[in-house]
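K.L.:
Residue-level listing of the chains:
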Amino acid sequence: DAKTTQPNSMESNEEEPVHLPCNHSTISGTDYIHWYRQLPSQGPEYVIHGLTSNVNNRMASLAIAEDRKSSTLILHRATLRDAAVYYCILRDSGNTGKLIFGQGTTLQVKP
Amino acid sequence: DGGITQSPKYLFRKEGQNVTLSCEQNLNHDAMYWYRQDPGQGLRLIYYSQIVNDFQKGDIAEGYSVSREKKESFPLTVTSAQKNPTAFYLCASSITWGIGNQPQHFGDGTRLSIL
Numbered sequence: 002d003a004k005t006t007q008p009n010s011m012e013s014n015e016e017e018p019v020h021l022p023c024n025h026s027t028i029s030g031t032d033y034i035h036w037y038r039q040l041p042s043q044g045p046e047y048v049i050h051g052l053t054s055n056v057n058n059r060m061a062s063l064a065i066a067e068d069r070k071s072s073t074l075i076l077h078r079a080t081l082r083d084a085a086v087y088y089c090i091l092r093d094s095g096n097t098g099k100l101i102f103g104q105g106t107t108l109q110v111k112p
Numbered sequence: 177d178g179g180i181t182q183s184p185k186y187l188f189r190k191e192g193q194n195v196t197l198s199c200e201q202n203l204n205h206d207a208m209y210w211y212r213q214d215p216g217q218g219l220r221l222i223y224y225s226q227i228v229n230d231f232q233k234g235d236i237a238e239g240y241s242v243s244r245e246k247k248e249s250f251p252l253t254v255t256s257a258q259k260n261p262t263a264f265y266l267c268a269s270s271i272t273w274g275i276g277n278q279p280q281h282f283g284d285g286t287r288l289s290i291l
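Here the protein sequences come in this chain order: A and B. 13 is the number that this note's numbering gives to position 12 of the first sequence; each next residue is one higher, with no gaps. 187 is the number that this note's numbering gives to position 11 of the second sequence; each next residue is one higher, with no gaps.
No lab work stands behind these hints, which were simulated from the structure alone. It is possible that some hints are incorrect.
Reference listing, derived: stretches of chain A covered by chain B, where coverage requires no fewer than 3 residues with Cβ under 8 Å from a Cβ of chain B [to be verified]:
no.	segment
1	6-13
2	53-63
3	99-109
Okay, derived cross-link-like pairs now, DMTMM-like style, lysine to aspartate or glutamate, Cα gap no bigger than 25 Å in a straight line [to be verified]:
no.	chain 1	residue 1	chain 2	residue 2
4	B	Lys247	A	Glu46
5	B	Lys246	B	Asp206
6	A	Lys4	B	Asp235
7	B	Lys190	B	Glu238
8	A	Lys111	A	Glu67
9	A	Lys4	B	Glu191
A virtual CB, placed ideally from N, CA and C, is assigned to each residue, including glycine.
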């Protein structure tokens with residue numbers, strides 16, 4: 002299974018942009034890149050996903066490197082509610098559809 | 177609103193006892209999943225179901241059992257054979273299985289502890 006590498010923690014100031022990096026050098030051609038976030042004692046929440054092109058939605062943007070070996074989740078204006086653990090996941094499009102979770106990045110947002 | 181409901185939120189198990197965690201979804205999704213999360217760790221797949229009346233073992237199925245008799249329900253039983261059951265259990269669903277561009281929707285979890 003292809004794996005991802007993320008920094009353990011990051012800090013941001015409120016209302017500033019946040020760039021959360023993820024390395025996935027062993028990604029296969031059919032793996033989608035998914036991002037989820039998780040607040041304490043809650044289930045993960047889907048944020049965004051992409052395959053090759055950059056993606057935008059109401060929550061965030063996803064920038065994918067041309068060689069697909071890395072990606073960056075962009076929160077345009079961090080709020081206190083964005084403080085969470087962010088997981089970068091390669092969606093196994095093979096035989097289970099399972100999400101392969103790593104350790105994630107704990108994002109702290111300072112007022 | 178559509179979503180996934182897990183119950184109970186907290187559950188305590190005595191030694192040698194089986195306990196069942198409930199997971200119900202009203203999203204009309206075919207695929208459902210059970211994950212286990214230990215403190216400070218990511219999620220690990222226990223069982224998954226591609227469609228009603230079908231289920232498959234995930235990475236850590238030993239000591240667990242499931243059933244999928246109805247599309248909307250996917251209960252997980254933690255048996256006495258599971259020697260370290262204390263964890264946060266999460267149920268998820270997706271429209272279908274094995275499609276890389278479909279997100280999974282999660283419930284709010286059940287926290288299981290040993291008495």
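K.L.:
If a hint holds in the structure, say so; if it doesn't, say that too.
P.N.:
Results for each hint:
1. Coverage of a stretch by a chain is defined here by at least three residues with a beta carbon nearer than 8 Å to that chain's beta carbons; for the segment 6-13 of chain A and chain B the count is 0, and the condition is violated.
2. As drawn, the segment 53-63 of chain A meets chain B at 0 residues by the rule of a beta-carbon pair under 8 Å; below three, the given contact is violated.
3. Residue count for the segment 99-109 of chain A with a Cβ under 8 Å from a Cβ of chain B: 6. That meets the three needed, and the coverage hint holds.
4. A threshold of 25 Å between alpha carbons decides the hint, and for Lys247(B) with Glu46(A) the separation of about 22 Å falls inside it, so the pair holds.
5. Our distance criterion of 25 Å between C-alpha atoms is met by Lys246(B) and Asp206(B), whose separation comes to about 10 Å.
6. Using a Cα cut-off of 25 Å, the hinted pair Lys4(A) and Asp235(B) holds, with the two alpha carbons roughly 15 Å apart.
7. For the hint linking Lys190(B) to Glu238(B), the alpha-carbon distance of about 19 Å falls within 25 Å, and the restraint holds.
8. Distance hint between Lys111(A) and Glu67(A) is unfulfilled; the C-alpha atoms sit about 33 Å from each other, more than 25 Å.
9. This hinted pair does not check out: Lys4(A) and Glu191(B) have alpha carbons roughly 36 Å apart, beyond 25 Å.
The structure does not agree with the numbered hints 1, 2, 8 and 9 stated previously, though it agrees with the rest.
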